[in-house]
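Peer 1: Sequence:
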Amino acid sequence: MNVVPTIIALCALSVGLAQAQIKLPDGDGKDLVDKICSACHGLDTAIADKHTEKEWRSVVDTMVNRGAEGTDEELDKVVKYL
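For reference, each letter of the sequence shown is one residue, going 3 to 84 in the numbering used here.
Be careful, since some hints might not be right.
[Unchecked claim] Here are the computed lysine to aspartate or glutamate pairs in the EDC-like style, where the Cα-Cα straight-line distance is at most 16 angstroms:
1) K79 <-> D30
2) K52 <-> D74
3) K52 <-> E76
4) K82 <-> D28
5) K37 <-> D78
6) K82 <-> D33
7) K79 <-> D28
8) K32 <-> D78
9) K79 <-> E57
10) K79 <-> D63
11) K82 <-> D30
12) K79 <-> D36
13) K56 <-> D33
14) K25 <-> D46
15) K56 <-> D28
16) K37 <-> E76
17) K82 <-> D51
18) K82 <-> E57
19) K56 <-> D78
20) K79 <-> D33
21) K32 <-> E76
22) K82 <-> D63
23) K25 <-> D74
24) K32 <-> D46
25) K25 <-> D36
26) K82 <-> D36
27) K32 <-> E75
No lab work stands behind these hints: they were computed from the structure.
Turn these sequences into a full structure, and let the hints guide you.
Peer 2: As C-alpha coordinates, this is what we get:
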(Lines of atoms letter the chains of each structure in order from A and count residues from 1; the text may use other names and numbers.)
(Lines give C-alpha, C1' and ligand atoms only; values in the text may rest on other atoms or scores of the structure.)
Protein backbone atom coordinates (compact mmCIF):
# COMPACT_ATOMS: atom_id res chain seq x y z
CA MET A 1 0.00 0.00 0.00
CA ASN A 2 1.38 3.40 -1.02
CA VAL A 3 0.69 5.92 1.76
CA VAL A 4 2.61 8.80 0.18
CA PRO A 5 -0.45 10.28 -1.63
CA THR A 6 -2.44 10.09 1.60
CA ILE A 7 0.32 11.81 3.57
CA ILE A 8 0.62 14.54 0.93
CA ALA A 9 -3.15 15.08 0.97
CA LEU A 10 -3.22 15.30 4.77
CA CYS A 11 -0.35 17.80 4.78
CA ALA A 12 -2.12 19.94 2.18
CA LEU A 13 -5.32 19.80 4.20
CA SER A 14 -3.57 20.83 7.42
CA VAL A 15 -1.88 23.76 5.67
CA GLY A 16 -5.23 24.80 4.20
CA LEU A 17 -6.89 24.67 7.61
CA ALA A 18 -4.09 26.72 9.15
CA GLN A 19 -4.49 29.32 6.40
CA ALA A 20 -8.23 29.52 7.03
CA GLN A 21 -7.60 30.42 10.67
CA ILE A 22 -5.44 33.47 9.96
CA LYS A 23 -7.41 36.62 10.64
CA LEU A 24 -6.22 39.98 9.47
CA PRO A 25 -6.97 42.98 11.69
CA ASP A 26 -9.61 45.36 10.39
CA GLY A 27 -8.35 48.36 8.48
CA ASP A 28 -8.30 50.13 5.15
CA GLY A 29 -6.63 47.72 2.75
CA LYS A 30 -7.49 44.49 4.58
CA ASP A 31 -9.61 43.17 1.71
CA LEU A 32 -6.91 44.09 -0.80
CA VAL A 33 -4.22 42.27 1.17
CA ASP A 34 -6.47 39.24 1.33
CA LYS A 35 -7.27 39.40 -2.39
CA ILE A 36 -3.90 40.36 -3.84
CA CYS A 37 -1.49 38.60 -1.51
CA SER A 38 -3.38 35.35 -1.02
CA ALA A 39 -3.69 34.89 -4.78
CA CYS A 40 -0.13 33.50 -4.72
CA HIS A 41 0.59 32.49 -1.13
CA GLY A 42 -0.97 32.15 2.29
CA LEU A 43 -1.65 35.14 4.48
CA ASP A 44 0.82 33.77 7.01
CA THR A 45 3.53 34.49 4.45
CA ALA A 46 2.18 37.98 3.85
CA ILE A 47 2.19 38.94 7.51
CA ALA A 48 4.98 36.78 8.94
CA ASP A 49 7.57 39.54 8.90
CA LYS A 50 7.44 42.98 10.42
CA HIS A 51 8.66 45.71 8.08
CA THR A 52 8.70 49.46 7.89
CA GLU A 53 6.55 51.11 5.25
CA LYS A 54 9.61 51.56 3.03
CA GLU A 55 10.46 47.86 3.39
CA TRP A 56 6.86 46.84 2.63
CA ARG A 57 7.01 48.99 -0.52
CA SER A 58 10.04 47.01 -1.64
CA VAL A 59 8.34 43.69 -0.81
CA VAL A 60 5.18 44.70 -2.70
CA ASP A 61 7.22 45.90 -5.68
CA THR A 62 8.99 42.52 -5.73
CA MET A 63 5.65 40.70 -5.65
CA VAL A 64 4.37 42.82 -8.55
CA ASN A 65 7.49 41.87 -10.50
CA ARG A 66 6.57 38.23 -9.77
CA GLY A 67 3.03 38.67 -11.05
CA ALA A 68 0.92 40.22 -8.29
CA GLU A 69 -1.71 42.49 -9.80
CA GLY A 70 -3.32 45.66 -8.54
CA THR A 71 -3.65 49.29 -9.44
CA ASP A 72 -1.14 51.77 -8.05
CA GLU A 73 -3.83 52.98 -5.64
CA GLU A 74 -4.59 49.42 -4.48
CA LEU A 75 -0.92 48.61 -3.99
CA ASP A 76 -0.43 51.83 -2.02
CA LYS A 77 -3.27 50.75 0.28
CA VAL A 78 -1.70 47.32 0.69
CA VAL A 79 1.61 48.90 1.71
CA LYS A 80 -0.10 51.26 4.17
CA TYR A 81 -2.15 48.42 5.65
CA LEU A 82 0.83 46.13 6.11
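Peer 1: It remains to establish, for every hint, whether it holds in the given structure.
Peer 2: Consistency of the hints with the structure:
no., hint, result
1, K79 <-> D30, "7 angstroms, holds"
2, K52 <-> D74, "22 angstroms, violated"
3, K52 <-> E76, "20 angstroms, violated"
4, K82 <-> D28, "13 angstroms, holds"
5, K37 <-> D78, "14 angstroms, holds"
6, K82 <-> D33, "13 angstroms, holds"
7, K79 <-> D28, "13 angstroms, holds"
8, K32 <-> D78, "12 angstroms, holds"
9, K79 <-> E57, "14 angstroms, holds"
10, K79 <-> D63, "13 angstroms, holds"
11, K82 <-> D30, "8 angstroms, holds"
12, K79 <-> D36, "12 angstroms, holds"
13, K56 <-> D33, "21 angstroms, violated"
14, K25 <-> D46, "9 angstroms, holds"
15, K56 <-> D28, "21 angstroms, violated"
16, K37 <-> E76, "11 angstroms, holds"
17, K82 <-> D51, "15 angstroms, holds"
18, K82 <-> E57, "11 angstroms, holds"
19, K56 <-> D78, "11 angstroms, holds"
20, K79 <-> D33, "10 angstroms, holds"
21, K32 <-> E76, "11 angstroms, holds"
22, K82 <-> D63, "13 angstroms, holds"
23, K25 <-> D74, "25 angstroms, violated"
24, K32 <-> D46, "14 angstroms, holds"
25, K25 <-> D36, "10 angstroms, holds"
26, K82 <-> D36, "14 angstroms, holds"
27, K32 <-> E75, "14 angstroms, holds"
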